[in-house]
Amino acid sequence: MKKHLKDYWLFIIFVLFTAAGFIIELNIAQGVFNNFYSFFLTMVKFVPAVFILIGLFEVWVDKETIEKHLGEESGFLSYLWAIILASTTVGGLYVAFPVAAALYKKGASPRIIFSYIGTAAICRIPMTLFEASYVGVSFTAIRWMVSIPLVIISSILMEKMLDENDLESISESI
Amino acid sequence: MINYFTALLTTILFIIDREKTVRGLKIGFKKIRKNLPVFLNMIILVAFSLYFVSDDLILRFLGEGSGAAGVALAGGLGSIAFMPGFVAFPLAGILLEKGVSYTVIAAFTTTLMMVGIVTYPVEKDFFGLKITVIRNTLSLIMAIIVSIVIGLFYGELFI
Chain A
472 MKKHLKDYWL FIIFVLFTAA GFIIELNIAQ GVFNNFYSFF LTMVKFVPAV FILIGLFEVW
532 VDKETIEKHL GEESGFLSYL WAIILASTTV GGLYVAFPVA AALYKKGASP RIIFSYIGTA
592 AICRIPMTLF EASYVGVSFT AIRWMVSIPL VIISSILMEK MLDENDLESI SESI
Chain B
21 MINYFTALLT TILFIIDREK TVRGLKIGFK KIRKNLPVFL NMIILVAFSL YFVSDDLILR
81 FLGEGSGAAG VALAGGLGSI AFMPGFVAFP LAGILLEKGV SYTVIAAFTT TLMMVGIVTY
141 PVEKDFFGLK ITVIRNTLSL IMAIIVSIVI GLFYGELFI
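These protein sequence lines are chains A and B, in that order. Once you know that position 117 of the first sequence is 588 in the numbering used here, the rest is easy, because the numbers rise by one and skip nothing. Once you know that position 109 of the second sequence is 129 in the numbering used here, the rest is easy, because the numbers rise by one and skip nothing.
Isolated chain B, as found in the complex (with noise of 0.2 Å):
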């Protein structure tokens, strides 16, 4: 769909000034050929990632943890693992009927979104090491927050 709309943006571009669009388009293909090994980088993890970190594997592992050191797990294996929305929370929902706490499951999907080991090659080569690495410890605090708040929220937890 983002082809289409591109494809259609462009030619209307093109038909109110031909320079610019021209010069635009340009500047999109220096980009896509000067990504291109980061992006490959960045597959080769994924791919990785996915040989390693399986959904079997979360299903194992995530399915006796409970406690802090689920919750630990969870996250960690989180930060590492790569999966779109539609495989991770058709998989969180499994997770939740084999009887996992929503508090492992917030700590997993969150950490899932938010840290990004396999997406490192990419994030340091447009923001550099430093902000790569404070952005990643920053969200792991959040996603351990969240986790706690959402264990507090379906009486997991208690203060």
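With the rest of the complex left out, here is chain A (with noise of 0.2 Å):
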């Protein structure tokens, strides 16, 4: 219980600081609640799900198909399901992690884990659409062709760059 106590460290000071920034009347405290409370709400209808369906990807996913199409020895192909899978994620980076980390320890390669990552964060598709009608086609069509390749070649780097020690540090966190 102690141990737990304190994971929860930052979450008891917000508490404390936000109540008594109520009890002076801080127009921050309150702006900071509001925030707090609205997004929590919107994390709350879909992170749970999330995870969930990280859960059965652990039990009834083989390990042998993760590594045949994303791990060490697959191809080209492999970075076009990290894309196709990140565009289609929810959210953001945030499910993105403890996907990419699943992915991890199922037998992907961390080139494409980050791949995925990066595309996650550049290629989701409601976020793209929003930004092509309000920014303009041309413009997403030449950050697209500029920031994927970015992304990869960035992820086979950083592969490069990290050990064994790194890696390891990825963690499912159950």
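Think of the hints as simulated: they come from the structure by calculation, not from any bench. All values derive from a computational prediction rather than experimental measurement. Note that the Cβ used here is the ideal one computed from N, Cα and C, for glycine as well. Among these hints, one or two may not hold up.
As the list claims (entries may be wrong) - Which chain A residues face chain B? A few, computed with CB under 10 Å, are given here:
no., residue
1, N505
2, L551
3, L638
Two independent chains are provided; combine them into the complex using the hints.
Set out below in structure tokens:
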């Protein structure tokens, strides 16, 4: 229990300060709390489902399947899989991180999971539609053409920069 | 929608193999519990970011910025801000109408997407400090490259 409490230190401090802020009627406490509450509600609507899906993924999907398509021996096609998976990712990077960690534990290579995270940041479909309609289709097209190759190159670079110990720190956080 | 999908999938898998599905659900619930504090930390950071880096502030700051300083400011704000696409891009549209350059817009939106200060608690928990720092640094460099290419394309920058 003590260990669990330690994980919540920031949250506990936050609650105390917000409560104090409310008592002395500080505007910032009210504003920050409203943001916290509304974003918390947004997260509750879909993040638990993501973790349930990851749990099912871990039990149902064979390691061989992931290794074959996204592992060390997989070819160019694996990047395409990573991009397709990324473009359909919901939410934001905070969803991509647990998904990427689960893929890594199932045998996906580091360069593929970094490509997945990178493209999940820049290629999510709903976001791209907003971008194309408000800023322009050519803007989106150039951004994709420049950033996707850059993400793949940087992922390969990252794989080379990191050693076993660094990769060991990738956890599924169970 | 994802909740309906998850419920449907769980039901189908449950019919196929009860034991396996229950095991998966248990892992899932365990993960939710284990990750709760990390996500709460992120939500706290987001709450502060939304308060201090508001839409108005971004409009005010980026509205005047231009050149290298404008790009640096846009990249900095994009890195610390947190906004979903349906807020960020209409905002970018307003900035464009106000005459802000595509170069600055690209620096802002690309760092917003790729560099995450507020998602730091989650990223560090899953990938460790070193990977988190390297990934965010590389992302910042990539965002600058993207904004330069955008600038060249729209004829705002010349070599």
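- [ ] Hint by hint, work out which the structure violates, then give me just those numbers in ascending order.
- [x] 2
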